[in-house]
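As you go down the protein sequences, you meet chains A and B in turn. Numbering of the first sequence is given in my numbering, commencing with residue 1 and proceeding in unit increments. Numbering of the second sequence is given in my numbering, commencing with residue 1001 and proceeding in unit increments.
In short, the hints are calculated from the structure, not lab data. Heads up, the beta-carbon is just placed ideally off N, CA and C, and yes, glycines get one too. Worth double-checking, as some hints may not be accurate.
FRET-style restraints, in silico, Cβ to Cβ [unchecked claim]:
| hint | chain 1 | residue 1 | chain 2 | residue 2 | range |
| --- | --- | --- | --- | --- | --- |
| 1 | A | LYS74 | B | PHE1129 | 47 to 57 Å |
| 2 | B | LEU1209 | A | SER175 | 28 to 38 Å |
| 3 | A | ASP309 | B | GLY1206 | 47 to 57 Å |
| 4 | B | ILE1079 | A | LYS83 | 50 to 60 Å |
| 5 | A | LYS74 | B | ALA1169 | 53 to 63 Å |
| 6 | A | GLY20 | B | VAL1060 | 30 to 40 Å |
| 7 | B | GLN1269 | A | GLY84 | 21 to 31 Å |
| 8 | B | ALA1169 | A | GLY75 | 53 to 63 Å |
| 9 | A | GLY125 | B | ILE1067 | 39 to 49 Å |
Derived pair list, reagent style DSS-like, types lysine-lysine, alpha-carbon separation capped at 25 Å [claimed, not checked]:
| hint | chain 1 | residue 1 | chain 2 | residue 2 |
| --- | --- | --- | --- | --- |
| 10 | A | LYS133 | A | LYS201 |
| 11 | A | LYS129 | B | LYS1214 |
| 12 | A | LYS110 | A | LYS133 |
| 13 | A | LYS201 | A | LYS74 |
| 14 | A | LYS83 | B | LYS1214 |
| 15 | A | LYS16 | A | LYS83 |
| 16 | A | LYS110 | A | LYS129 |
| 17 | B | LYS1214 | A | LYS16 |
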Amino acid sequence: MPEPVLSIRDLTVEFKTEDGVVHAVENVTYDIAAGETLGIVGESGSGKSVSMLAVLGLIPQPPGRIVRGEAFYKGRDLLRMPKGELRRIRGGEVAMVFQDPMTSLNPVLKVGAQLAEAIQAHNEGVSDKEARKRGVALLALVGVPKAEQRYDQYPHEFSGGMRQRAMIAMAIANSPSLLIADEPTTALDVTIQAQIIEVMKAAQRETHAATILITHDLGLVAELADHVVVMYAGRVVERGDVFTIFSNPRHPYTVGLMESLPGLAVEQVTLQPIPGQPPSLISLPPGCAFHPRCALSNGRARCRTETPDLREAGAAEHVAACHFSEELEGYKSKLVGAA
Amino acid sequence: MTEQSLERDRTAFAGAGAAIPADVGASTDPTLVHESGLEVEVRSQWTYARRRFMRHRLAVASLVILIVIFTAGFTAPWIAPYSFEGYDINNLEVGPTFSGGHVFGTDLLGRDYFSRVLYGIRTSIHVAFVVTILTVIIGTSIGMVAGYYSRWADNLLMRFTDLILTLPALAVLLTAAAFLGHGSQYRVAVIVSLLLWTLLARIVRGQFLSLREKEYIDAAKAAGSGDLRIMLRHMLPNALGPIVVFATLTLGGAILLESYLSYLGFGVQPPTPALGKLIADGQDVSSHDWWLVTFPGLTIVLIVLCINFVGDGLRDALDPTQRIRA
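Between the sequences and the hints, there should be enough to build the whole structure, so can you do that?
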């Protein structure tokens, strides 16, 4: 594996609330190498976004608290970096695309002004005229038609898909080494989603940025990611390259996620949901957090008493946090059959 | 409304095809014209606000009257028929008349009251504008910092604001004006604004508290913008509506306050005429020279009423919850 761009070690984030301490992210560890795409998958509230926001210093503290861990970006720990230095990295070398394009553009500023600001914030001495030229080119790159005129419009004159394109344009404005996309397609309808995926691909080709794709859409992961991190209840439960994960998942939660999708190859009348609800992050179930919903556990005592660690699951760099992951050997994903 | 959103959707759809359109920047006309002939006009929120304001007839009428009065006040040295301290010995205590050239009459010394009222407006609005500008600057800055940083900065600044609010404004004002004012209208203006900013600070703080939770503020932070930039460029324009409304109403309030002070003799010192001072001067003889109280009084009422109507109109126009029917 080449030198990682971002290397997260034992990241643990808590939030203090009136009901108790929310363990949003616990002991999360993963790397992302230059130029590759890492998909982070999990249900809502599994800590996908929080881990990224924590890395960028965007968690309000209090109530949030980074308990321990490191996040090395090119060898420097982002979590212990002075505020000013981190600010220069944000939006410059590390950029982020937010989930909801309807709310992540400032309604009172022209799209172009916001784009120019992204450019000028990290390139001192760039004149307004130059910034405009680059801004228009960026809008064109992400597929905004009539970019020259669109540049002078307000966000409310853009549709959702257009806004997300503009957000992506802003994110890649400074050719970041690391692009974090937090559910970039969730707020969009399906036809627009496909276009935005294309734009994301184009953006990545253009900037060669390593991309972290936070999503709960396995299809998106299969399409874009090189490596996958599966998170459940704030913890990494499985990690590996995309082919291994899809063809040979070794965690019952990953299997459950795949089972819950409609397959193309197999004729299927009803979908198979994962039973139950995600656990409360204030009081996690003892042992393996997934055991109350697990199809594999079968009430075995070890699942209730012992928290499983990530351990090798056959293939290189493939790890899963399940005591009985060997029992999943031979599981055939219908998704792979379809592909 | 529905037509508009449909138009927007179609525009988006029309451009959705290729990731990199070939004709970027090829067209230079100010509107977006697509193959289907749909046009998208560039409209800012201020355009919508202006349209809404224009529908508010009373506010528009008031604005026109205000512009006339303020222009007359500012240009008093050029348009006033007489100097404010020139004596017309042949016309002492003349009632309002068109024939003699003294439209508002003259006072005991034969000074033309129309000219004095014009100069009075000039003084009063000078003071009122200084008060308003200072109040807005102080109130906005304190509210911004308190709302943006919250926690201890918020606590400290808001307790200080509360402290100022507990002061009995008029008593403090009179004392301060008497001891620190020295009859200078600008000193008085500073003293007034040091007491008026509290309400605005609270309003702006509230706005900022809610604005800082917006996703686009997170996005701006993620893009590497600094605190000051986020406050001034991203948040302040979003809070401008309430600030503008407050400023308008402060303008009216300041004219009234200045009138009280001058009336009580703590404000502008003679011979400079101020509206409140004119009423005070005329009051001694008001039983027979009714015009000496009536005209400056009416002027104050008219100005303050108009300002309040304009303020109402602005509030309606800038209220983001209002539906856009443009």
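Legend entry - Hinted pair LYS133/A and LYS201/A, Cα distance within 25 Å: 23 Å, holds
Legend entry - Satisfaction of hint between LYS74/A and LYS201/A, Cα-Cα up to 25 Å: Between LYS201/A and LYS74/A the Cα gap is close to 23 Å, so the pair holds against 25 Å.
Inset, instruction - Could you grab the alpha-carbon distance between LYS110/A and LYS129/A and see if it respects the 25 Å cut-off? - result: 15 Å, holds
Legend entry - Satisfaction of hint between LYS83/A and LYS16/A, Cα-Cα up to 25 Å: 23 Å, holds
Legend entry - Satisfaction of hint between LYS1214/B and LYS83/A, Cα-Cα up to 25 Å: The hint holds at about 21 Å.
Legend entry - Outcome for the supplied range 39 to 49 Å, where the beta carbon pair is GLY125/A and ILE1067/B: 43 Å, holds
Inset, instruction - With respect to the beta-carbon atoms only, verify the hint that LEU1209/B and SER175/A lie 28 to 38 Å apart. - result: Since LEU1209/B and SER175/A have Cβ atoms about 36 Å apart, the given range 28 to 38 Å holds.
Inset, instruction - Could you say whether the range 53 to 63 Å given as a hint is met by the Cβ separation of LYS74/A and ALA1169/B? - result: 58 Å, holds
Inset, instruction - Confirm or reject the claim that ALA1169/B and GLY75/A have a C-beta distance inside 53 to 63 Å. - result: This hint holds: roughly 60 Å between Cβ atoms.
Legend entry - Pair hint outcome, LYS1214/B versus LYS16/A [Cα-Cα no greater than 25 Å]: Cα-Cα ~21 Å, so holds.
Inset, instruction - With respect to the beta-carbon atoms only, verify the hint that ILE1079/B and LYS83/A lie 50 to 60 Å apart. - result: 57 Å, holds
Inset, instruction - Take a quick look at whether LYS110/A and LYS133/A sit within 25 Å of each other, Cα to Cα. - result: 15 Å, holds
Checked against the numbered hints above, the structure violates hints 6, 7 and 11; every other hint is satisfied.
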